[in-house]
Amino acid sequence: MLRDDRGGTRRHFLRTGAAALTMTASGWLGRLARVAGADPSRKRSCVLLWMSGGPATIDLFDLKPGHANGGPFKEIATTVPGLRVGEHLPNLAKWGDRLAVVRSLSTKEGDHGRATYLLRTGTVPQGGIDFPTFGSLVAKELADDRADLPAFVSIAPQRVLAPTAFGPGFLGPRYAPLVIADGRGGAGGADAAGVDRDLKVQNLDRFGGVAAARADDRLGLMRDLEADFVARRPGPTADAHRAAVDAAVRLMKPETARAFDLADEKPTLRDKYGRNLFGQGCLLARRLIERHVPFVEVTLDGWDTHANNFDQVKTLCGTLDAAWAALMGDLADRGLLDTTTVVWMGEFGRTPKINPQKGRDHFSKAFSTVLAGGGIKGGGAVGKTTKDGNDVDDRPVGVPDVLATVCTAIGVDPEKQNLSNVGRPIRLVDKAGSPIREVLS
Amino acid sequence: MIRWLVVSALVVSPTAATAGPRAGKPGPDPVALAATIDQLIEAKLRAAGVPPAPAADDATYFRRVHLALGGRVPSAAEVREFLADPDPGKRAAVVDRLLGSAAYANHMTTTWRGWLLPEAATNPDVAAVAPAFEVWLRSRVRADTPFDQLVTELLTAPLNGRPVARGVPADDPDVEAGVVGFYTAKEGRPENLAAATARVFLGVQLECAQCHDHPFAKWSRDQFWGLAAFFAGVERQGGGVREITGRRELLIPNSDRTVPATFLNDVEPEWQFKKSPRVTLAAWVTAADNPFFARAAVNRLWGFLFGVGIVDPVDDLHDRNPPSHPELLDALAAGFVTSGFDIKFVLRAVCLSRAFRRDSTVTEPGQRDLRLFARFPVQALTPEQLYDSLAVATGAPPDEAAAAGRRPFLEAFALSGRRTESPTTVLQALTMMNGDLVGRATTPGGGRTLTAVVELPGLTPAGRVEALYLAALGRPPRPEELRRALGHIEPAGVAGDKTKERYADVFWALLNGVEFRTNH
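Those sequence lines, one after another, are chains A and B.
Position 320, counted from 1, in the first sequence is what the working numbering calls 320; the numbers after and before it change by one each time, with no gaps.
Position 94, counted from 1, in the second sequence is what the working numbering calls 94; the numbers after and before it change by one each time, with no gaps.
Bear in mind the hints are in silico, worked out from the structure with no lab data behind them.
Don't take each hint at face value.
EDC-like, lysine to aspartate or glutamate: derived pairs with alpha carbons at most 20 Å apart [what the hints assert, rightly or not]:
{"id": "1", "chain 1": "A", "residue 1": "LYS200", "chain 2": "B", "residue 2": "GLU153"}
{"id": "2", "chain 1": "B", "residue 1": "LYS500", "chain 2": "A", "residue 2": "ASP216"}
{"id": "3", "chain 1": "A", "residue 1": "LYS74", "chain 2": "A", "residue 2": "ASP388"}
{"id": "4", "chain 1": "A", "residue 1": "LYS200", "chain 2": "B", "residue 2": "GLU411"}
{"id": "5", "chain 1": "A", "residue 1": "LYS431", "chain 2": "A", "residue 2": "GLU415"}
{"id": "6", "chain 1": "A", "residue 1": "LYS377", "chain 2": "A", "residue 2": "GLU438"}
{"id": "7", "chain 1": "B", "residue 1": "LYS500", "chain 2": "A", "residue 2": "ASP182"}
{"id": "8", "chain 1": "B", "residue 1": "LYS275", "chain 2": "B", "residue 2": "GLU153"}
{"id": "9", "chain 1": "B", "residue 1": "LYS498", "chain 2": "A", "residue 2": "ASP217"}
{"id": "10", "chain 1": "B", "residue 1": "LYS498", "chain 2": "A", "residue 2": "ASP216"}
Let the sequences and hints guide you as you build the complete structure.
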């Protein structure tokens, strides 16, 4: 079987048909894909699909058929009997065996800003302490100092509501994300060329077409001219400046910069992800993961559906379903799904009760998050909400539990400590959290 | 209360008296305070067995003091003139000139706005009210409003619920109204206002005590909420902030405890009839005998000039984070009070001290400890300093200097943590290397500086390289640097436009190096 029922090519195809793939894609791409998958010492990585605005998880992963709160959407089967999801996620449903749905997440934060901070850092804002966002924490643990690409890339973040929930906090700029398509929120609708332009790193190309040889000369000149200054003033400022310039130069190397060139991908694959910013952002995430970037997040904004929830969720699902399913398939094809943990979450869920505008409002008492891929035992749901969706009925889970689970899945010790800006050591994940063992493979 | 403060407040008092000269009376002598600074710094260096770095040369001092007080590098012409000036008192003269300049007023305004409204860096709502706030602040800086008065005005601002003007202020803005931006930035919340007041004006971080007793310092949760209770009547109202003046107590959230407004030293306030409790708070905060207020201010100013505070971080004084030079902190505070809370007096004294005039090179291993002040610390430029310095160095016309590109540039170059440790990020490096601003300025025919250097007839190649060095780094090249640069410009076979390109390369290299990116 060269093609499986999910519409993606599978790993065994890659093994038997490597030559064919080398023919179709460029030579090195085929090699890269094979090497990436085969390396037993490969570190793990994480893709965070961040659903900004608070997705109506009751319409996606924890439907309430037969109850007034359920709304118009139907449930559909996944590839695993018993695990059912919303009808607008048909492609994702084919990956039921790799999905673990956590249906009993609960927080006290119903404000976008505070809730975003909580879900993305693992703690509520506490004056004085600059908590790092989860991606920065992971980047610090899994970064390879010799890598040409940064350890944390954030695609299309929408940072306005909680700016500090997207930064490296007390870990400092070294673990700040490389931000691409800042403020775009993954909104679809732009033309394909606009999407490609948005997904480029700013200022990666030399100004005014300065040729490579001249650029090298110029760089050498710069290093010579500042050498005396640096030698006579050893210290963190000079070191960090040189390190940043070196990193920038490595990022500009054609083979590194190529990570961001989506034109490398087959048009059919690009179509499968969806020709929108979120879809192509997920494709870029795969290209980065393949090149050993430990943490990539892709934002899809627009989930704050106070009015007209069902039309909006249906539209968003179209974008989400295509991109996420394509990402699963693509990672699997390249042998990367077992080392890449995919996390899907937003800052809260939405009220089970449907408001007069056919909308749903902020709701943090009982909502869902989904873990998939590497280190995760798929094919089931953990926790339960009541029939009306208003309360957690079984196996309540907190944000630290979820983050501790992800840490464990990617081989990072959640109890490890970093020194904070207030001089106090702070654990990666608060001690209130413990991994959800049921979903770990 | 913090132990050393109590002790030192008893021994050396900046205190006792009401604050010093206002109208007419001669102020204290900044030279005398500079001498005290050096005596105390050097006593500690001797005790530590660390010899200080040698004095900085004229060019280094000139660039340093321009960045520190004027927020930008000097122009090449200003450097030439200063270096040629034989007057032995020229360093004091340039400090005076800078303190009286519009550049100082702008730089000070930006700096204090950053301290008072740090939220503007990340929160667009606060960024929108920041310009109006700066209008108010700049008017006070320009008028040399004594610091205690400025803080009193801020803490007692009338809150009538009117929304604050957003965005670029009108040609004839309501200057007084802008001060309310402080309250908007703190969301009109008593706890945020208390935390900011303690942090900026008293130099202590109470935020932790919001939820529990402070882990290190002896601040209790009740003390935090007691301070917050002075703002108990403050609340948001639509787009503005108002106050119900009768309120003087606050319920601690998630508890059943109500605490009355209480000073941090647990003294019972004396209320003024029908006045906002903030009036009472402001009088206590800014009192000459408040052991925190003057020390917090001078420590912040010291940190502003050196990149490292005497207490460091500058707003985190507690038992386990004592000052490096307690007597120096006391002496600066006493001078500040005696001067009538004159910020320029403190800046002038420090800029004249030997400590500020030392080189930044490490000549002895012990000098690496920045808190000894054995040398001048290398500090990353703030985003504003960097942008404005680029404008000066590249010869950008003034309208371009204030162009639309400024705000995104400032965001991209935001510092994190201490200025002595704030690292350059990859995106910052890319912006400097490949971005429009430096790109245009280092393309032949682009920037004014480069065009002038390349096109001016009659200059030798060495003269052209020197001009680029003066513009970018505020100093002439050393012989070996000149040789290296000329080696790049004049190899066999390079001529005409190619030569221009080579000068552009030298300029690019200077603007991208760490020397340009720092004050040192």
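Status of each hint after checking the structure:
Using a Cα cut-off of 20 Å, the hinted pair LYS200(A) and GLU153(B) is violated, with the two alpha carbons roughly 48 Å apart. Between LYS500(B) and ASP216(A) the CA atoms are separated by roughly 17 Å; this keeps the pair inside 20 Å, and the hint holds. For the hint pairing LYS74(A) with ASP388(A), the CA-to-CA distance comes to about 15 Å; that is within 20 Å, so the pair holds. About 19 Å separates the Cα atoms of LYS200(A) and GLU411(B), which keeps this hinted pair within 20 Å; it holds.
Proposed proximity of LYS431(A) and GLU415(A) is supported: the alpha carbons are some 7 Å apart, at most 20 Å. In summary, the hint linking LYS377(A) to GLU438(A) is supported, as the alpha carbons are separated by about 8 Å, within the 20 Å threshold. A C-alpha spacing of about 37 Å is found between LYS500(B) and ASP182(A), which places the hinted pair above 20 Å, so the restraint is violated. Using a Cα cut-off of 20 Å, the hinted pair LYS275(B) and GLU153(B) holds, with the two alpha carbons roughly 14 Å apart.
For the hint linking LYS498(B) to ASP217(A), the alpha-carbon distance of about 14 Å falls within 20 Å, and the restraint holds. Distance hint between LYS498(B) and ASP216(A) is fulfilled; the C-alpha atoms sit about 16 Å from each other, no more than 20 Å.
The structure fails hints 1, 7 (numbered hints given earlier, in ascending order).
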